[in-house]
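Please model the complete structure; the sequences and the hints are all you need to start from.
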Amino acid sequence: MRGTTRTVAVAGISAAALLLAGCGGGGGSDDAKKTDTAGKTGGSISVRGCNPENPLIAGNTSETCGGNVLDVITAKLIKYNDETAAPEMDIAESIETTDNQNFTVKLKKDYKFQDGTVVKAKNFVDAWNYTAYGPNAQLGSYFFEPIEGYADLQSEDPDGPDGPQKAPDPKAKEMSGLKVVDDNTFTIKTAAKVSNLPVRLGYTAFSPQPDAFFSDPKGFGDKPIAAGPYKLDTWTKNAEIKLSKFADYSGDKKANVDNITFKIYQDSGAAYADVLANQLDVTDEIPASAQIDAKYKTDLPDRNLQKPVGVIQTITTAPKSVDPNYPPEVRKAISMAIDREGIIKAIFNGTRQPATGWVSPVVDGYKPDVCGEFCKFDPAKAKAQLEKAGGFKGGKMTLSYNADASHKEWTEATCNSIKNALGVDCVATGVVDFSTFRKQIHDHKMKGMFRTGWQMDYPSIENFLTPIYGKGASSNDGEYNNPAFDAKLAEAAAATDAAESNKLYQEAEALLAQDMASIPLWYGTTTMGWSDKVTNVKVTPFGVPDYGSITLK
Amino acid sequence: MGKYIVRRLLQMIPVVLGATFIIFAMVFALPGDPTSGKCGERPCSAEYVAKFREEHNLNDPLLIQYGKYLGKFAQGDLGTNYYGIPVKEDLAKRYTITGRLAIMAIAFETFIGILAGVLAGVRKGRFVDNLVTVSTLFVISIPVFVIGVFLQYLFGIKWGIFPATVPSLEASTFSLILPAFVLGSLSVAYVARLTRTNLVENLRADYVRTAVAKGLTKRRAVGVHTLRNSLIPVVTFIGADFGALLGGAIVTERIFNIQGVGGYIWKGINSRDGIAVVSTVTVLVIVYLLVNLLVDLLYGVLDPRISHE
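Chains A and B, in that order, are what the protein sequence lines are. Once you know that position 503 of the first sequence is 503 in this note's numbering, the rest is easy, because the numbers rise by one and skip nothing. Once you know that position 63 of the second sequence is 1063 in this note's numbering, the rest is easy, because the numbers rise by one and skip nothing.
Just to be clear, a hint being listed does not mean it is correct.
To be verified - Pairs of lysine-lysine residues, derived as DSSO-like cross-links and limited to a Cα-Cα distance of at most 30 Å, are as follows:
(1) B:1267 to A:218
(2) A:40 to A:307
(3) A:171 to B:1051
It should be emphasised that the hints constitute simulated quantities derived from the structure, not laboratory data.
Dropping the structure here:
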């Protein structure tokens, strides 16, 4: 195997392991095919889709409707193992680093885009610079924050978004941390040490873009060209997106069926009815009516699955400067007063898993039960804990949510649980919509408790800690600030060994438990169903069906 | 007659203008932001929001936005929605589906409803009458989504006679039969009851007694002399119902995945897609006014005593 180019399963996130892969001497082999039951390749399937919110540009899509399609048609440096979410080399031949700050990326030769051009180093560097460049207003921009020189591509509007003045042009158009060495090599320099940078590179925003993209980014979004196993043939707005197998696909992600059609549904109930009638092959959303008493299991015997995905729901309390009534000890009491299992059963029909920590169980580095007794429902202990903390001084508690999605039921149930256990009044308060809700949190106008959810960007324990609880981090809504925690994160980011890095991240997570930085509620799961025409339906750790491995019976 | 139609058409202009302005102002006043939800679980970045608002003229004051919109509207341009698709194109596609669905539903309710109403009316107090009264009461009391989901399960999934949902492209007339029946079923009950009551009322009138005494057969007395003017309230109801159906039937559309007008408006309101909502509703107002005019003209046909001269 030495010297040949082939995919090597990378066990962890360690830079050292990736280095090993780079030398071509890996020990893992691609034996995922063994898990497939008999099924033939070829044929056509239809799957449930929803309307993409934005043009299909890899760097400009952050919601699932467009993301699901882009995920199938794009290839990235890294792909994630369907079962374990472990990163594996895709377009990259190797990603090497010795210090977790300077990375050298070597590309496989002759990896092809769907227009026949070869994926070169500049296709990555140009695409990343385009996405990161502030005035291009790409939604995936924030992914490039760790790269050196990112700040120079942004500019601040001098009088805020509502003012008449426009933001000046940023200082630079290219990130200083990205350098093309030759056609197949480029280097990445990060602003600080990042041990899991390679893991991040598998996210859609890091896709390369062909030269055709840069000449017409607007039109490109209607018929994107990428390097993945399927290519987009037609996109009929509001109706369907048709993909077909890319004959010259250079990678080794599976592509069993010849054609995949994303049929766009307005309602998951209609999609479900079509699966029952065998008119649709896969739906990745089971309507609430079919989840009652797990009805879908009798409707679709042996044709359903439920799997946890990288989503966690938490309750965050307003920073001390905004609302001083929720110190860590009170938060612990509140946490113990929440009957997670009861709420999951009553409101979600068992489609969530009670959280026992701050990190989703689907990622590498997950450790169970970090939260310990504080995440277990115990009304007596909760009450004792509240008395120990000196009681609640704010009169009544509030738990805010955005009323444009279905959060009312569970926030009310949670509040009831708290009220019954602690004897403190708790009110679930709706805020008109998500953006208003986020704005209130961001502007420090939101008092009391509010719901916070996190959907991972890439499968790493780090993604559940740094962006949410690091000092000044973009999603640190509770303004959690613990120098010991930040020190651990920095130490973990610098560790060159995967196990060591994960251990340090776990130690950091343990500090969250001490301070009850937020109140973990539950992990998300995804439920799917399929028709009796298809088999081998699996779900990726991102909660998306693994479209390429589906086969017809 | 011609003068009457012209007068009515001219009256429509201020109504349409007023309606568009009110809707425009209401959409403008809606709390919330069109970019929320465009970026998944995260708020959109400031750059994205700024660019979006710029592209869709959202930074202009209300009156200027309305003026710009009206200028385009007068030229037949309904603008593009926030997904970059021309509203006209979307509406044209959706109206071919909603229109067919509405006509089929009206056909169902007119035929079955009037037939049941006449049968009940002429046999007042007998078994058929009681059957119609009880069964229509039963239908009225069931919410439409229950009927929809139940029939979808029975005919679409269990027996497979009709497609369970309507294909979003090229919705065939065959696939629309089931949803049209569901849509029409509720109104069947009203049509039957209205017909019955009016028929019973009119059968007692002097002129009917005279007609029968003159030696006309019962069939002719009822069919020609009584039914025709008993249908005036029924036509009013059907006209209003037709207008409402052309405005889309959100619940039925969602159950059967029909790409109709109702779902379009619902989605437009949800994503604060002002242009899509205002344009669609404006077209709806016009459609409604035209249907009403048609109903008024039909009165004259049904009852010569009502004249539009």
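Quick rundown of the hints versus the structure:
1. B:1267 to A:218: holds (24 Å)
2. A:40 to A:307: holds (25 Å)
3. A:171 to B:1051: Distance ~19 Å between residue 171 of chain A and residue 1051 of chain B Cα, so the pair holds.
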